[in-house]
Structures are given as structure tokens and as C-alpha cells.
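Trainee: Sequence:
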Amino acid sequence: MQDTLVAVTCRGVAVPASPFLTETRQRRMAEERYEADEIAGALSVVRPGDRVLELGAGLGVVGAVIAKNANPKAVLSFEANPDLIPHIRALHALNGLQDRIDLRNQVLMSAPERPDTRTFYLRNSFLGSSLVDVDNRQTRPVEVPTASFDAVVKEFRPDVLIMDIEGGELEFLEHATLKGIRAVVIEFHPTVYGADGTRTCKDRLRALGFRKSEDVSTRYVWTCTRNLVRMEPPNPVGGWSCQIARLKQPVVVPPALRSHVQPSGVLTADGQVVPHAATWRAARLLTPPPARPPQAERLPGRWLWGGVLWRYFPHFVTESVTRLWALEHIDASQFDGILFTPKNPTNSDPLPAFHREFLSLMGCDLPIHEARTPCVPDELIVPGQGFGLGEISRGTDRFIEAVALRFGQGVAPEGSDKLYISRSRLGAGRGALLGEARLEAYLAAEGYEIFHPQAHSLTEQVARYKAAKQIVAAEGSALHFLAFAARPDQQVAMILRRRSGATQHISAHLESFSGRAPLWIETLRRAWMPAGQVRKRLAVGEPDFAAVQAALVGGGFVAPGPVWEQPGEDEVRALLGPDFELLDEGVRLAG
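With UniProt numbering as the guide, the letters of the sequence shown map in order to residues 1 to 591.
These are calculated hints, taken from the structure and not from any lab test.
With a cut-off of at most 25 angstroms between alpha-carbon atoms, the simulated SDA-like pairs for lysine to any residue come out as follows:
no.	residue 1	residue 2
1	Lys469	Ala559
2	Lys68	Asp397
3	Lys418	Leu519
4	Lys469	Trp520
Label pairs and their calculated CB-CB ranges:
no.	residue 1	residue 2	range
5	Asp99	Thr119	31 to 41 angstroms
6	Arg104	Asp270	39 to 49 angstroms
7	Phe354	Val261	24 to 34 angstroms
8	Asp150	Arg487	31 to 41 angstroms
Glycine included, every Cβ here is placed at the ideal spot set by N, Cα and C.
Please work from the sequences and hints to get the whole structure.
Mentor: Encoded structure:
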């Protein structure tokens with residue numbers, strides 16, 4: 001829009017001429033005094049990659065300054081005054097911000113009962129236009145469509161809220177929980193609702209955990225932030241899982257004992273727990289806040305927080321790589337390494353080679369450091385848990401994006417276009433699919449390469465997975481690794497060998513990262529368990545071979561042919577050995 005007349009420039013934003021741009025406003029913009037408190041507050045809290053929700057766009061200058069100077073990922077602006085909309089859009093176009101800022105002419109409401117429209121009172125000065133008509137000055141009422149705040153939060157996942165809605169903030173804060181929002185910049189309007197209303201707004205923000213930032217707040221414009229100290233499970237659609245905490249001289253506390261749940265993690269320099277450093281499995285917190293240790297050694301340098309370091313591959317690939325999405329948001333050359341706490345503090349053996357290889361596949365050559373005693377790094381960057389087991393198995397957008405951009409980029413496809421990922425050589429102590437050798441023979445006859453991933457490096461596995469167009473697998477952790485390299489044009493069939501919630505985690509991981517759900521082949525006739533054992537991962541599932549074949553034929557994985565035969569009872573017993581017991585139906589279907 002090079003023909004648009006630029007009236008003034010404010011903090012790098014060109015502002016086009018409009019009937020609302022008085023000489024006084026132009027002068028204030030040129031002197032960077034226009035909405036100066038609001039802009040200063042916003043620029044102090046908006047981080048690169050944030051999603052900013054703006055209520056009350058006005059002339060569009062504040063939102064544009066934020067987009068231009070703070071590098072948020074997106075800005076969503078609401079403005080109720082329909083007369084301002086074309087001028088805001090002209091400003092966005094003039095500054096090339098159409099793709100960064102989404103503008104909506106709606107009233108955003110937090111109340112559970114929401115009418116389709118609200119009356120908005122227009123005044124000669126757009127600064128006085130409001131949902132509240134409180135005095136005798138002349139107004140022109142218009143009906144404006146409404147939108148649900150809860151729906152917008154679910155859709156947009158804002159990190160920061162900017163609010164200047166000329167008195168509407170009192171009603172808005174009455175019902176809003178501000179879930180997932182880290183910072184708020186708000187202008188109060190005591191001329192609309194009085195000193196009591198202003199106090200109510202401030203009290204509501206305090207009750208939601210926000211604290212005023214004194215250096216960028218005034219009596220009527222607050223910039224406030226909250227440390228999301230509520231220890232709540234990671235959320236794949238936003239919240240602390242998508243945030244990065246930057247800490248000076250925190251205290252890293254490793255676990256003292258080997259245990260499933262271990263008090264450990266990161267404390268701020270003044271001893272407050274850092275929730276971004278926690279590790280969750282589903283809704284269970286595996287790293288409850290530790291006590292502050294009496295002493296800790298300095299760890300010089302800048303470090304990236306890695307979380308809990310597992311040596312067992314299935315848990316490493318699901319619970320120790322969950323923060324590597326931050327590699328897309330930092331300059332790794334400025335870091336000294338990745339800092340982990342050990343899952344097993346009694347094991348001081350050298351780390352398995354697959355740790356280093358996985359990092360290399362992610363394009364990362366940072367060294368790994370295990371904190372075995374309390375330490376105080378000079379600086380620690382703590383990304384939230386963007387992946388794991390439970391609902392977070394779907395991964396956050398930022399985690400999925402980092403994997404898509406980085407994982408295995410230098411690995412060329414190599415191998416068959418039909419692959420069967422087998423568990424037959426893992427041994428009975430890892431759970432099994434009964435008669436898997438028979439299944440392998442059937443699939444080999446259909447042109448499938450029988451692939452034992454544990455016999456290959458991670459790089460070789462990625463090459464095979466990239467080459468394959470059709471993959472059949474006995475359900476297990478190898479499918480978690482496959483998900484990092486899987487594509488939507490691949491077909492994946494997953495033959496279930498147990499009844500466990502872990503199956504859903506694997507399936508969600510595959511579907512979310514590849515964009516295509518795997519075919520579930522759930523055909524177990526019976527399940528067997530070593531005598532005296534109750535762990536589901538040790539179960540041996542007995543598939544119905546004819547049903548497996550039918551499912552594979554239906555999914556286009558194999559061609560129709562003679563029915564695959566079922567092992568007889570003598571063969572079943574010979575395969576199992578003497579120490580297995582049949583699970584009853586109720587037990588085997590549990591989970």
C-alpha cells in the first residue's frame with residue numbers, strides 16, 4: 001500500500017492518516033508518549049514466540065508495535081468499534097502485519113451466559129466509546145457480535161493478554177480464569193466504575209496469582225505476571241509446556257534415591273519451585289518439589305535443562321527428550337551443554353551411546369551433563385515438557401515443529417518399502433507376541449523385511465523407516481521412535497500384544513507427529529503372564545492369526561490368500577514354557 005499517506009511513525013510502526021488521528025495524537029505518537037505505559041508493559045513481558053491476545057485494539061498502534069518489536073508468533077486483536085476496523089486494517093497492511101495480526105470486530109465475553117450481540121456506545125472520541133454508557137454525553141449505540149473467551153483461549157492459546165476496553169474490564173475479570181496466560185497488561189477506568197471497581201479488578205488479578213511489575217506499572221495501567229506454580233500436568237495445546245523459563249543462578253536438585261517418584265528438579269535462586277522443570281507421566285508428578293539443599297556447588301556457564309535422564313531406551317525416547325523443542329528457539333553455540341538429573345542416582349556407568357546419537361539426529365552436538373549432586377549453574381534455560389506419556393503424548397505444536405525441522409534431516413532413506421518391526425529377539429522379560437516367528441514367516445512371504453531395531457543404530461533405524469511405505473509392527477516402544485520419522489504418506493499397522501494404556505500413548509504419538517493414525521489390529525485370543533507377575537508389560541499376547549491376516553488385507557498391507565493358521569495348544573505351551581499362567585478375561589481387559 002505504497003499510496004497510503006503516512007501521518008506519523010510510532011516505534012517503527014507507520015500510522016496512516018485517518019479521521020481519528022488528531023494533531024495531538026500524532027504528536028504523542030511521534031514522541032512515543034501515545035499509550036506509553038501500555039506499550040512499555042507489553043514490551044517488557046512479550047517474548048519471542050508468544051501468542052498475544054489484545055482486547056481493545058483502538059487505532060491498532062499498540063498491537064502493531066508489539067508485533068513489530070517483540071517478535072510474538074501471533075497477535076489476535078478484538079475491537080468492538082466498527083468504525084475503526086478499516087483504519088486498523090490499513091495500518092496492518094501498510095506495515096506488512098496482515099499475517100501476524102488477526103483482527104476481529106467482536107466483543108469478547110467471559111460470562112457463561114453470552115448473547116449473540118452486545119450494545120456498544122460510540123462517542124465522538126473513540127477513546128470514550130464503551131460497552132458502558134455512564135454519563136449524559138451523546139452516544140450512538142451499535143450492536144456488535146460477541147465471541148466466547150473460553151473458546152478463543154482454547155483455539156488461540158494466548159500467553160499474554162493486553163486489555164484496554166474502556167471500563168469493560170470489570171465485567172470481564174468477574175468470570176475470566178485466564179487459564180494458561182502468563183502476563184497481563186491492563187488499563188483500569190475508575191471514571192466508569194469508580195475506585196471500588198478498580199480495587200475489585202486488582203483484587204481479582206491477585207486472586208488469580210498475578211503480581212504487579214512495579215517498574216512498568218502505574219496507578220491505572222498494570223503490567224502483572226504470574227509464576228505458574230500450580231503443579232498441573234503438561235498440556236499439548238498450551239500453557240507451561242510451550243514456555244521457556246530463563247533463570248539466573250538457580251539450584252538444581254538431583255534425586256537422592258532410586259524410586260519411581262523422586263523429589264528433584266529446579267529451584268529459583270530464592271528457593272521457589274520452577275514448575276517448567278517438572279516431569280509428569282500422565283497426571284502423575286514424577287518429580288515433586290525438592291527441599292532446598294544446605295549447599296550446592298557452582299556449575300559455570302549457560303545450560304539447557306533436559307529434565308530426567310533415563311538409561312532405558314523406551315523411557316529415554318519418551319521422557320528424556322521432551323524439552324529439545326527449545327533447540328529451535330536458542331542459539332546452541334552459546335550454551336555449555338544440556339543439564340539432566342539422573343533417574344537412577346546409583347548408576348554411574350558411562351551413558352549409553354543412543355543418548356548422544358539421538359541428540360545428533362536432532363542436530364544437536366551439546367554435551368550431556370548429569371547433576372549427581374546439587375549445583376548452581378550460572379544460567380539455566382528451562383523449556384516446559386513438550387512431550388511425554390499421557391495426554392502430552394500428542395506433543396505440543398512447538399515440539400512437533402522442532403522434530404519436523406530437525407530430526408534425521410541428514411539421513412537418507414535406505415531399505416525395503418515393506419517393513420515388519422519385530423520384538424521376537426527381545427526375550428520373554430520384555431513382553432511378547434506369542435508365535436511371532438510364525439507371523440514373521442507369513443509377512444516375509446508378502447515381501448516384508450523382518451527388522452529387529454535393537455540390532456541397529458538409531459541412524460540405521462531412521463533410514464529404514466524413511467524408506468518404508470508400509471510398516472507393520474508388534475506394538476512397543478519401537479513405534480515411539482518411528483513416530484519421530486514417520487510421514488503421512490506411510491501406512492502403519494500396530495498389532496496389539498497387551499491391554500494397556502501405553503498402547504494409546506503410542507498411537508497418539510504416531511498420529512499427532514505423522515498426521516496419520518495407525519491401524520489398530522486388536523485380535524488377542526488370550527493373554528498369558530509369568531507366574532507371580534502383575535506387570536502388564538510382561539504379558540504375552542496370543543493373537544488370532546486369521547483375524548490379523550484379515551485386518552492386514554482390509555488395510556491393504558497384504559494380499560488375500562490362504563488363511564493364516566493358528567498354533568495348536570501343544571505348540572502354544574511349548575512356546576510359553578512352564579511358568580506362564582492364563583489371565584482371566586477381567587484382568588486382561590483392564591487398562
